[in-house]
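Q: Protein chains in written order, with my numbering: chain A, 1024 to 1244; chain B, 13 to 240.
Keep in mind that the hints were calculated from the coordinates and are not lab data.
Predicted model only: the values in this text are computed from it and were never measured.
It cannot be assumed that every hint is accurate.
Straight-line C-alpha distance at most 30 Å; calculated BS3-like pairs for lysine-lysine [as the list claims (entries may be wrong)]:
#1 B:K173 to A:K1121
#2 B:K173 to B:K162
#3 B:K192 to B:K157
#4 B:K173 to B:K192
#5 B:K192 to B:K162
#6 B:K157 to B:K173
#7 B:K162 to A:K1121
#8 B:K192 to A:K1222
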Amino acid sequence: MRATTPRYDLLRGVWEENPVLVQLLGLCPALAVTNTVANSIAMGLATFFVLFGSSLLVSTFKRFIPHEVRISAYILIIATFVTIADLVLAAVVPTIHKALGAFIALIVVNCMILGRQEAFASKRPVGRALLDAAGTGVGFIIALLMMGAFREILGYGSFLGFPLFGGSYEPWIIMILPPGGFFTLGFILLGFGWWRGRKSQPRVRQWPHGVGAVTSTRRAA
Amino acid sequence: MSEDPDIRNSAKAAPDVLGQPEVPSSRLIATLGMAGALAGLLLVFVFQWAQPRILAYQAEVLRQAIQEVLAGPARYETLFLVNGSLTNQLPPGVDSLDLERVYLGYDDSGEPVGFAIAGAEPGFQDIIRLLFGYDPDTGRILGMKVLENKETPGLGDKIEKDSVFVGRFEGVLVPLLGVKSGRVTGNEHEVVMITGATISSRTVIEIINNQIEHWGSLLNGFAGEPAQ
């Protein structure tokens, strides 16, 4: 697989190397704040903002950051963007800020973000770093949305706060508690792994007269 | 990713530490110091933009809560505890943030309707913060609103979200007495607790009882005085 086109830089993080579903990074927020769709969106957007901003700065100033203190410098940049996100959320959407609580500040230690700086942004031109950050950020939002939708629909019987099932629905309270996060992530990973495994298997087309022939092998996505 | 041309050929890539001359410590310190100073400066501007909005939101939340627990007073004033008595006049040189306070609501004709009092104590998971309305003349609770809780979703957080539970506080005589549902005797001090959230419910009741004990006679004295 060629790893050099802008399209691939952008799309790799969205699906093929999705930070949560494939790399299993950033699981702390993915488990902790995905009990509603609204919380998932807010956390996803905040993380996207931090990742995009950090990648921009790290990639721009990579030549001025001495190798010995690069991790400290990356964390400093990430922490600055997290604090900005924290203050802006508190000022603009206070109820969501209250629901996310300490997990906004904990974006600093989201290893997905530091990982992209160390593995990608610090070694690539700015444009490629931004494409990669955008793709990875979108992938993170998609993963959080999947979990948030699953948990809110079962745990509250609603989607984005709108009731779906009427008054007779008995909410699965466990889905909005911490164990529900683990169950949800487990089921999604199971489904994702099964789907990827199925795609990677050779397609066998059955011919008449019992002739079996491998006609195409689709590579693992 | 060894086939990535940007890494293989680019002089812009971060230098490999192996085989490089050691960077002097002064440069490391200068780099981080400069970055830290710039980050600090940036945060000051963001903070100055955000802080008034955050404070305005908190004041609005408090204003709405006071309206709710005092059942819509025409106006209210903030009374501070200064030298063991309540006053609406701040002595000069005292920062109002350091003072304990209650909020006294008035009806249309200028008569006091009751006090809104805030309290906070540890619940099942974390501090529960609430505001309640109290009429010292009749000794009854006017209303209760939880401002902040991190109780178990679906169980303990009913102290804030369950309007049936919240409504049970209205008109109850102090001191409050928490009872489990099914053991109600009709006593006017009783508040029926939430099944499955006994600790959270009991904390709410204790916060109110402790605050009334704390303020007790001060409120009686002030409510008896004329409004101005």
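Q: Does each hint fit the structure? Answer for all of them.
A: How the hints compare with the structure:
no.: 1; hint: B:K173 to A:K1121; result: 15 Å, holds
no.: 2; hint: B:K173 to B:K162; result: 12 Å, holds
no.: 3; hint: B:K192 to B:K157; result: 21 Å, holds
no.: 4; hint: B:K173 to B:K192; result: 19 Å, holds
no.: 5; hint: B:K192 to B:K162; result: 22 Å, holds
no.: 6; hint: B:K157 to B:K173; result: 10 Å, holds
no.: 7; hint: B:K162 to A:K1121; result: 10 Å, holds
no.: 8; hint: B:K192 to A:K1222; result: 57 Å, violated
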